Amino acid sequence: EPEVTQTPSHQVTQMGQEVILRCVPISNHLYFYWYRQILGQKVEFLVSFYNNEISEKSEIFDDRFSVERPDGSNFTLKIRSTKLEDSAMYFCASSDFEGNTEAFFGQGTRLTVV
Amino acid sequence: DQQVKQNSPSLSVQEGRISILNCDYTNSMFDYFLWYKKYPAEGPTFLISISSIKDKNEDGRFTVFLNKSAKHLSLHIVPSQPGDSAVYFCAASATASGTYKYIFGTGTRLKVLA
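Protein chains in written order, with the working numbering: chain W, 1 to 114; chain V, 1001 to 1114.
Mixed in with the good hints there might be a few duds.
[As the list claims (entries may be wrong)] Derived pair list, reagent style PhoX-like, types lysine-lysine, alpha-carbon separation capped at 20 Å:
1. K78/W / K57/W
2. K1038/V / K1111/V
3. K1038/V / K42/W
4. K42/W / K1005/V
5. K1068/V / K1005/V
6. K1111/V / K42/W
7. K1038/V / K1005/V
8. K1037/V / K42/W
Read the hints as simulated data drawn from the structure, not as lab findings.
Only a predicted model underlies this, so the values are computations on that prediction, with no experimental measurement involved.
This is chain W alone, in the form it adopts within the complex (with noise of 0.2 Å):
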């Protein structure tokens, strides 16, 4: 069964340094979205992507934040110097259509600031 696969599982990286996190989505899928888990708190949205550009942030996406599809398969996150508070599970996701369907979530990466 085709799966969203994240590398890598844990990162932790030291504040003001910058990380990125990497995603392979569902070949045929066409949407893509990353979404964060502070730890014991609900998902939120980060940021979703659409035929080479941003479709949609949230007000957590800020200027530190970038996304890319360097390659036609891997989708990236990149968190330029990193804050304690960007501690997370990072959560990539995609699906192939817009409208009413379902995403595919990654099993997450762990990001610890320190």
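Could you slot chain V onto chain W? The hints should help.
Structure of chain V alone, referenced to chain W:
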């Protein structure tokens, strides 16, 4: 602003009985609703969805009911099995508004007792 609420943080049910998980929403623009199951250290797994044009959708042991006038949806699991023990999230989106991001509830931890 909690647009999607799951007021029961936890629920325990005997194996073989019905599990009923509830979700309320406040945004009348939501027109697509989903339930996800999540195990620790894994990403959310899609279970079942419902469009606002329906009031019920069934898939095997899982049934989702939507009451638009009450802005309430519920997930019924019959019969409950120990493997159903997980955190269940409801999510909603306002697709007719051109947004496909999901707004998640805070989750309900279901424990099915053998």
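Hints, verified against the model:
no. : hint              : in the structure
1   : K78/W / K57/W     : holds, 14 Å
2   : K1038/V / K1111/V : holds, 13 Å
3   : K1038/V / K42/W   : holds, 12 Å
4   : K42/W / K1005/V   : holds, 10 Å
5   : K1068/V / K1005/V : holds, 15 Å
6   : K1111/V / K42/W   : holds, 19 Å
7   : K1038/V / K1005/V : holds, 17 Å
8   : K1037/V / K42/W   : holds, 13 Å
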